[in-house]
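The whole structure should be built from the sequences, with the hints applied where relevant.
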Amino acid sequence: MASALGAQPFAQDAPEDFFGKRATGCVQEEGFCPDWIADNYDRYLDPFFQHVILTVVPVAIGFAIAFTLALIAHRRRWLIGPVAGFTGALYTIPSVAFFFLLQPLTGLGRTTAIVALTCYTLLIIFRNVITGLNAVPEEAKDAARGMGLTDRQLLWRVELPLALPEVLAGLRIATTTTVGLAALAFLAGGGGLGAELDAQKYFKSNVAVAGGLCILLAAVLDVIILAFQRLVTQWQRAAAA
Amino acid sequence: MTHPIVKLVALFVVLALALTGGACGGDDEGGGSDGERAAGVEAIEKDPANQGKSFTVGSKNFDEQFILGEVYAQALEAAGFKVDKKLNLGSEQIAYKALKSGQIDGYPEYTGTSLTSFFDVKVDDVPKDPDEAYQLTKEKYAEQDITALSRTQFENTFRIATTKEKQQNLLKGAKTLSEVAKLPNASKLSIAGFPECRQRADCLLGLKATYGWTPEFISDEGKYDPIDKDRADLGFVFSTDGELVGDKYPIVEDDKNLFPPYNISFEISNKALKDIGPNGEKVLLAVQKPLTEKVMRELNSRVSIDKQEPEKVAHDYLTQFGFIK
Amino acid sequence: MAEGGSGVIDALAFLGDFGDAIEFIFKERESTSKGVMVGGLSELGGFALTHMLVSLVAMAVAIAIAVPTGLALGHKGKGEFLAISISNVGRAVPAVILLFFFVAFIGNGFRNVAFVLILLAIPPILTNAYVGARQVDREVVDAARGMGMNGMQIVRGVRLPLAMPTIFAGIRTSTVSVLATATIGPFANLQTLGEPILSDAIYGFSGQLGGAIVVAVITLTADAGIGLAQRAVTPMGIKLAEEPQAKRRWMSLPTRRREAAT
Chain X
1 MASALGAQPF AQDAPEDFFG KRATGCVQEE GFCPDWIADN YDRYLDPFFQ HVILTVVPVA
61 IGFAIAFTLA LIAHRRRWLI GPVAGFTGAL YTIPSVAFFF LLQPLTGLGR TTAIVALTCY
121 TLLIIFRNVI TGLNAVPEEA KDAARGMGLT DRQLLWRVEL PLALPEVLAG LRIATTTTVG
181 LAALAFLAGG GGLGAELDAQ KYFKSNVAVA GGLCILLAAV LDVIILAFQR LVTQWQRAAA
241 A
Chain D
242 MTHPIVKLVA LFVVLALALT GGACGGDDEG GGSDGERAAG VEAIEKDPAN QGKSFTVGSK
302 NFDEQFILGE VYAQALEAAG FKVDKKLNLG SEQIAYKALK SGQIDGYPEY TGTSLTSFFD
362 VKVDDVPKDP DEAYQLTKEK YAEQDITALS RTQFENTFRI ATTKEKQQNL LKGAKTLSEV
422 AKLPNASKLS IAGFPECRQR ADCLLGLKAT YGWTPEFISD EGKYDPIDKD RADLGFVFST
482 DGELVGDKYP IVEDDKNLFP PYNISFEISN KALKDIGPNG EKVLLAVQKP LTEKVMRELN
542 SRVSIDKQEP EKVAHDYLTQ FGFIK
Chain P
567 MAEGGSGVID ALAFLGDFGD AIEFIFKERE STSKGVMVGG LSELGGFALT HMLVSLVAMA
627 VAIAIAVPTG LALGHKGKGE FLAISISNVG RAVPAVILLF FFVAFIGNGF RNVAFVLILL
687 AIPPILTNAY VGARQVDREV VDAARGMGMN GMQIVRGVRL PLAMPTIFAG IRTSTVSVLA
747 TATIGPFANL QTLGEPILSD AIYGFSGQLG GAIVVAVITL TADAGIGLAQ RAVTPMGIKL
807 AEEPQAKRRW MSLPTRRREA AT
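Residue numbers (this note's numbering), protein chains in the order written: chain X, 1 to 241; chain D, 242 to 566; chain P, 567 to 828.
Treat each hint with caution, since some may be false.
As the list claims (entries may be wrong) - With a Cα cut of at most 30 Å, we get these calculated BS3-like pairs of lysine-lysine:
no.	chain 1	residue 1	chain 2	residue 2
1	D	Lys363	P	Lys593
2	D	Lys407	D	Lys379
3	D	Lys341	X	Lys21
4	D	Lys470	X	Lys21
5	P	Lys644	D	Lys338
6	X	Lys204	D	Lys326
7	P	Lys593	D	Lys341
8	D	Lys470	D	Lys548
9	D	Lys553	D	Lys523
10	D	Lys553	X	Lys204
11	D	Lys379	D	Lys512
12	D	Lys338	X	Lys21
13	P	Lys593	D	Lys449
14	X	Lys21	D	Lys489
15	D	Lys515	D	Lys294
16	D	Lys489	D	Lys416
17	D	Lys489	D	Lys523
18	D	Lys405	X	Lys204
19	D	Lys287	D	Lys515
20	X	Lys21	D	Lys553
21	D	Lys405	D	Lys530
22	X	Lys204	D	Lys287
23	X	Lys204	D	Lys548
24	X	Lys21	D	Lys287
25	D	Lys407	X	Lys204
26	D	Lys326	D	Lys530
27	D	Lys379	D	Lys405
28	X	Lys21	D	Lys535
29	D	Lys470	D	Lys535
30	D	Lys381	D	Lys523
It should be emphasised that the hints constitute simulated quantities derived from the structure, not laboratory data.
Here is the structure:
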């Protein structure tokens, strides 16, 4: 399939030292290479921070939306069904598809990824807030009303504090799930650790680091929320005492 | 008395800061040697007239595309343009949409792919001559207000590869696809390819149409991994793959010329082309000139085998050939 | 990029695509990269069958493993931190990573994908079985012990039925996850409904949307079906006795037993 014009107009010789000798070793064998990891860990930093953003932002926005919806639905019970249904429907869209399907609307890039990931957090958080509020014992509410608390005071001083464990449990689940889903954000041009993984799928060192960082991120975020929960519980106890 | 959880969180924060600090303090390894420039190469000069002009380079989602995208982007940067990189867009359909909608100003595309995927040309109707294929591509893109810059010397076409051992045992030494198609165990052979290959006329379907051969298709994202690990007997690979350096994987020849030409041509919207002007165009064409199949394979191997980052590989290419310091 | 006005146009175009996607599901058409017919009920039906089969197998195995284990651990009261933490962290492992990781060890195909899905499905069921078993009232368990039941009998006769609603909630969560994740099948040579979603160059945007719609429909149906089964299986006593609590159980993901709130 040589060009009719011949190679001449294009040819340019490479400098002599360009074609180096093929190296061999752990990296070329696609193995697990601690040396390589130590030398190259910096290529994972940007993706890691992108992944943090891809987790924290959707969870924050999702929490704001779902929490608000849950507060509204808590007072207007008929809303629970429809909201749960809608957020549930969003949840059933396979994440892989979601990253592609949003593109005509929001284009390629981080925004699309964040929109998709936010949608996935909604159901989990909504369900848990409603559940937490539902589980508040009637006696506690009656006692509060007996003391003359308004509905709003009831909500913020009695119901929510008692619902907090359930709410935070939902937050933890939403966060760890989002870390995993964000690994697919690269399909929408959103970067993250998934992009690194996809670049070298069979290179064990790469899979180990990219995957390991995902797990680390999830564990740390989980611990942070747990810590927050313990702190708040301690405050509550101190305030009550 | 600090709660153990608080200690853990503090530890993490310290670690995070340490890593960031490390990154900031780190240096990148010196790139190209100050050796001789390749013959006929002019260094790219920063042109003050280009300052303030911006250009977005896109690319598709595999190694060669990352490298090419970086090469073009870094070249334009060296010429003084402000370059935005949107590499790893996705498949050719997504990249083409991005180009047409103005999300990117240009990206490297293959002539064969353009014709068959965008312009409704049947695989059999694509001209076998690379220059004719390029001319046709150029005409078709012109109708879309896009300019196809001159083609590269190298092409990245499909190849069918196998291991030396399999060629001896399973293929009985067959060297061309016609020979393989005539083997008694032909339909029992399996061939690996990326998922879309199964339904592409210029991939698996072409084997049936041109050679009358229907092997079992194994949808697999790894190119050489399946034939190495015995998940498949043969594999669809690409002619500029880094793994092909050194003849480790014998190629079964496409003697009936099933695969159309796949030279790279940088597709750039006419508006963006006017913006960067003839000097910008010159830069783009200059950096792609030395790209022979051998050079491209070397670059690809640095990414796919040596696991270097495309950005660094592109930078080294530009410095070693003398385009930038 | 897109200015405000064209945003509306994009939205309208999207609606049009929706109609096109429905058409894709039912009628064959030429692929976007030309040369072959794709779409239509028979092709999608094949994908859907594979999709549902691998999900079903994965769920069956996951339930068989996770429910007894969770119940046993919950009965003993051991390993709570581990059970719940593994579950949390397990959620964060991208299934895609597991898939590629296993391709190297188990190879391609049904087994690989099923294995990954099983690993994905176990954590929510395990956690819920654990929490469900744990939440059974001390008094009920003591009464059962007083009646002479041994550990195994207590688990089967007391903890299991009472934990049913919670376990089912976990199964629902898992099922939705599994069905959604089976879309990565094509990466391991398994043609599930992920095939039209991932190969946009062949199936086009309508194909992607069509595939996604089919998955969503299957998932919603499965979710509703399990909900019904859950209602059927919840012992009547619980349904009557605990009005607000019952709502809690079938809607929620696991709750920790509130310790010192009382």
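Quick rundown of the hints versus the structure:
Simply put, D:Lys363 and P:Lys593 have alpha-carbon atoms about 23 Å apart, close enough for the 30 Å limit, and the pair holds. This hinted pair does not check out: D:Lys407 and D:Lys379 have alpha carbons roughly 41 Å apart, beyond 30 Å. For the proposed pair D:Lys341 and X:Lys21, the alpha carbon gap of about 42 Å is over 30 Å, so the pair is violated. Note on D:Lys470 and X:Lys21: the hinted pairing holds, with a Cα-Cα distance of about 26 Å set against a maximum of 30 Å.
Proximity of P:Lys644 to D:Lys338 is assessed by CA-CA distance (about 56 Å); at most 30 Å being required, the pair is judged violated. Straight-line distance between C-alpha atoms of X:Lys204 and D:Lys326 comes to about 28 Å, which keeps the hinted pair within the 30 Å bound. A C-alpha spacing of about 29 Å is found between P:Lys593 and D:Lys341, which places the hinted pair at or below 30 Å, so the restraint holds. At most 30 Å may separate the alpha-carbon atoms for a hinted pair to count; D:Lys470 and D:Lys548 meet this at roughly 20 Å.
Of the supplied pair hints, the one linking D:Lys553 and D:Lys523 holds, its CA atoms being roughly 23 Å apart against a limit of 30 Å. For the given pair, D:Lys553 sits about 21 Å from X:Lys204 by alpha-carbon distance, which is consistent with the 30 Å threshold. Of the supplied pair hints, the one linking D:Lys379 and D:Lys512 holds, its CA atoms being roughly 16 Å apart against a limit of 30 Å. For a cut-off of 30 Å, the pair hint linking D:Lys338 to X:Lys21 is broken: about 41 Å separates their Cα positions.
For the suggested pair P:Lys593 and D:Lys449, the alpha carbons sit about 25 Å apart, so the restraint of at most 30 Å is met. Note on X:Lys21 and D:Lys489: the hinted pairing holds, with a Cα-Cα distance of about 15 Å set against a maximum of 30 Å. Restraint check: the Cα-Cα separation between D:Lys515 and D:Lys294 comes to about 11 Å, which is no more than 30 Å; the hinted pair holds. Straight-line distance between C-alpha atoms of D:Lys489 and D:Lys416 comes to about 15 Å, which keeps the hinted pair within the 30 Å bound.
For the suggested pair D:Lys489 and D:Lys523, the alpha carbons sit about 38 Å apart, so the restraint of at most 30 Å is broken. Between D:Lys405 and X:Lys204 the CA atoms are separated by roughly 25 Å; this keeps the pair inside 30 Å, and the hint holds. Distance hint between D:Lys287 and D:Lys515 is fulfilled; the C-alpha atoms sit about 18 Å from each other, no more than 30 Å. Between X:Lys21 and D:Lys553 the alpha-carbon distance is near 18 Å, which keeps this suggested pair within the 30 Å criterion.
For the given pair, D:Lys405 sits about 34 Å from D:Lys530 by alpha-carbon distance, which is inconsistent with the 30 Å threshold. With a CA separation close to 41 Å, the supplied pair X:Lys204 and D:Lys287 exceeds the 30 Å bound. For the hint linking X:Lys204 to D:Lys548, the alpha-carbon distance of about 12 Å falls within 30 Å, and the restraint holds. For the given pair, X:Lys21 sits about 34 Å from D:Lys287 by alpha-carbon distance, which is inconsistent with the 30 Å threshold.
A hinted pair counts as satisfied when its Cα atoms are at most 30 Å apart, and D:Lys407 with X:Lys204 qualifies at roughly 26 Å. With a C-alpha separation of about 21 Å, the suggested pairing of D:Lys326 with D:Lys530 holds against the 30 Å cut-off. A distance of roughly 40 Å separates the Cα atoms of D:Lys379 and D:Lys405; the hinted pair therefore is violated under the 30 Å criterion. Between X:Lys21 and D:Lys535 the CA atoms are separated by roughly 14 Å; this keeps the pair inside 30 Å, and the hint holds.
A hinted pair counts as satisfied when its Cα atoms are at most 30 Å apart, and D:Lys470 with D:Lys535 qualifies at roughly 27 Å. Proximity of D:Lys381 to D:Lys523 is assessed by CA-CA distance (about 22 Å); at most 30 Å being required, the pair is judged to hold.
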